[in-house]
Amino acid sequence: MKILRISNISIKLSPKSAEFFQLVLHIILASLFAYTAYEKIMGHERFMNGIAKVELIGRFAVFISWVVPIAELLIAVLVLVPEIAKMGLWCFLGLMIIFTTYILIALIWASKLPCHCGGVIETLTWTEHLWFNIGFILLAIIALRLEKSLN
Amino acid sequence: MKNFKKMIMGFAAVALIVVGSAFKPASNSKLLTYRYINNGTQYVLEPSADPTNNCVSNSAHQCVITTDENKGSSFNYADLPSDAEPVPGSSEGTYNP
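As you go down the protein sequences, you meet chains A and B in turn. For the first sequence, our numbering assigns the number 3 to the initial residue and increments by one for each residue that follows. For the second sequence, our numbering assigns the number 700 to the initial residue and increments by one for each residue that follows.
Keep in mind that the hints were calculated from the coordinates and are not lab data. Given the structure is predicted, the values throughout are model-derived calculations rather than measurements. Hints are not guaranteed to be accurate.
Listed next, with one range per pair, are the computed distances between beta-carbon atoms [stated by the list, open to error]:
#  : chain 1 : residue 1 : chain 2 : residue 2 : range
1  : B       : P785      : A       : L152      : 16 to 26 Å
2  : B       : G788      : A       : I100      : 32 to 42 Å
3  : B       : V718      : A       : I100      : 44 to 54 Å
4  : A       : K88       : B       : E784      : 22 to 32 Å
5  : B       : I707      : A       : E130      : 30 to 40 Å
6  : A       : I143      : B       : A711      : 40 to 50 Å
7  : A       : H46       : B       : T751      : 39 to 49 Å
8  : A       : K14       : B       : A711      : 47 to 57 Å
9  : A       : A73       : B       : G788      : 27 to 37 Å
10 : B       : A711      : A       : L58       : 52 to 62 Å
Below, simulated DSSO-like cross-link-like pairs (lysine-lysine); rule was C-alpha separation at most 30 Å, straight line [claimed, not checked]:
#  : chain 1 : residue 1 : chain 2 : residue 2
11 : B       : K705      : A       : K18
12 : B       : K701      : A       : K14
13 : A       : K150      : B       : K705
14 : A       : K18       : B       : K704
15 : A       : K88       : A       : K18
16 : A       : K88       : A       : K14
17 : A       : K14       : B       : K705
18 : B       : K770      : A       : K88
19 : A       : K150      : A       : K14
20 : A       : K18       : B       : K770
21 : A       : K18       : A       : K150
22 : B       : K704      : A       : K88
23 : A       : K88       : B       : K701
24 : A       : K150      : B       : K770
25 : B       : K704      : A       : K14
26 : A       : K150      : A       : K88
27 : B       : K770      : A       : K14
Glycine included, every Cβ here is placed at the ideal spot set by N, Cα and C.
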């Protein structure tokens, strides 16, 4: 029996269920980045124009508009390869924290910041988007705890 | 072998999700933005234009503007979108990096 501990909450899982749960979590996390990267690459000009409007990072629009989707794709691949999934999960967590910080800045200081975040995610309001990101950060933390308990 | 099987399953599932989503384009984006520069005769799309130190005061039109409207690769001064506004740091003049 594997025990997954998140803060004070413990969930007992059989090794098979734990492995299945882990695979599902990895697929969910990788899908998010693969999907948003795909949308950013397909609508690259629009994504780049959006970044160009942001005062502090606008001058790096071309660079950022390629680095972000490529990083997302690489992280999605890392998360799906079992041997290096742990590194992928840490990278996923780091990038999600950066994105969430951007949302917090948008909410607190500049609600007119653009969000070319990819696909249906763009239709969320900033507050919904914040909760969405927090949800995925929690999923990444659970996946990391599970990774630790399984290995 | 077990890890390989897991990896293949993972990639297949992610590919299905991404390909499935590709047929449902998003609408109602939070903000669509385009950045145009004044080249002396018209406005030209320039996503990474930075007005700082790149604007020469020799025109009555703004040097770098943004708009939520897609006006294509260029448009005349007379076709300026109603929501167009100068990028912070921009002044009246032409863009000359």
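Hint check:
1. Under the hint 16 to 26 Å, the C-beta atoms of P785 of chain B and L152 of chain A, about 56 Å apart, miss the expected range.
2. For G788 of chain B paired with I100 of chain A, a C-beta distance near 25 Å fails the hint of 32 to 42 Å.
3. Distance hint check for V718 of chain B and I100 of chain A: the Cβ-Cβ separation is about 27 Å, which falls outside the suggested range of 44 to 54 Å.
4. Judged by the Cβ atoms, the range 22 to 32 Å given for K88 of chain A and E784 of chain B is violated: they are separated by roughly 46 Å.
5. At roughly 34 Å, the beta carbons of I707 of chain B and E130 of chain A sit within the given window of 30 to 40 Å.
6. Look at I143 of chain A against A711 of chain B: about 26 Å separates their beta carbons, and that is not inside 40 to 50 Å.
7. One distance hint, 39 to 49 Å for the beta-carbon pair H46 of chain A and T751 of chain B, is violated here, with the actual separation near 25 Å.
8. Between K14 of chain A and A711 of chain B the beta carbons are some 30 Å apart, a value that contradicts the proposed interval 47 to 57 Å.
9. Between A73 of chain A and G788 of chain B, the C-beta spacing of about 29 Å keeps the proposed range 27 to 37 Å intact.
10. At roughly 40 Å, the beta carbons of A711 of chain B and L58 of chain A sit outside the given window of 52 to 62 Å.
11. About 13 Å separates the Cα atoms of K705 of chain B and K18 of chain A, which keeps this hinted pair within 30 Å; it holds.
12. Between K701 of chain B and K14 of chain A, the direct Cα distance comes to roughly 23 Å. Compliance with the 30 Å bound is thereby established for this hinted pair.
13. Using a Cα cut-off of 30 Å, the hinted pair K150 of chain A and K705 of chain B holds, with the two alpha carbons roughly 18 Å apart.
14. Under the criterion of a C-alpha separation no larger than 30 Å, the hint pairing K18 of chain A with K704 of chain B is consistent with the structure, at around 14 Å.
15. Between K88 of chain A and K18 of chain A the CA atoms are separated by roughly 19 Å; this keeps the pair inside 30 Å, and the hint holds.
16. Only pairs whose Cα atoms come within 30 Å are accepted, and K88 of chain A paired with K14 of chain A is accepted, the gap being roughly 21 Å.
17. Our distance criterion of 30 Å between C-alpha atoms is met by K14 of chain A and K705 of chain B, whose separation comes to about 22 Å.
18. Between K770 of chain B and K88 of chain A the CA atoms are separated by roughly 45 Å; this puts the pair beyond 30 Å, and the hint is violated.
19. Distance hint between K150 of chain A and K14 of chain A is fulfilled; the C-alpha atoms sit about 14 Å from each other, no more than 30 Å.
20. For a cut-off of 30 Å, the pair hint linking K18 of chain A to K770 of chain B is broken: about 56 Å separates their Cα positions.
21. As the CA atoms of K18 of chain A and K150 of chain A are separated by approximately 16 Å, the hinted pair is consistent with the 30 Å bound.
22. Between K704 of chain B and K88 of chain A the alpha-carbon distance is near 18 Å, which keeps this suggested pair within the 30 Å criterion.
23. Restraint check for K88 of chain A and K701 of chain B: the C-alpha separation of about 17 Å stays at or below 30 Å, so the hint holds.
24. For the hint pairing K150 of chain A with K770 of chain B, the CA-to-CA distance comes to about 52 Å; that exceeds 30 Å, so the pair is violated.
25. Note on K704 of chain B and K14 of chain A: the hinted pairing holds, with a Cα-Cα distance of about 25 Å set against a maximum of 30 Å.
26. A hinted pair counts as satisfied when its Cα atoms are at most 30 Å apart, and K150 of chain A with K88 of chain A qualifies at roughly 9 Å.
27. In summary, the hint linking K770 of chain B to K14 of chain A is not supported, as the alpha carbons are separated by about 58 Å, beyond the 30 Å threshold.
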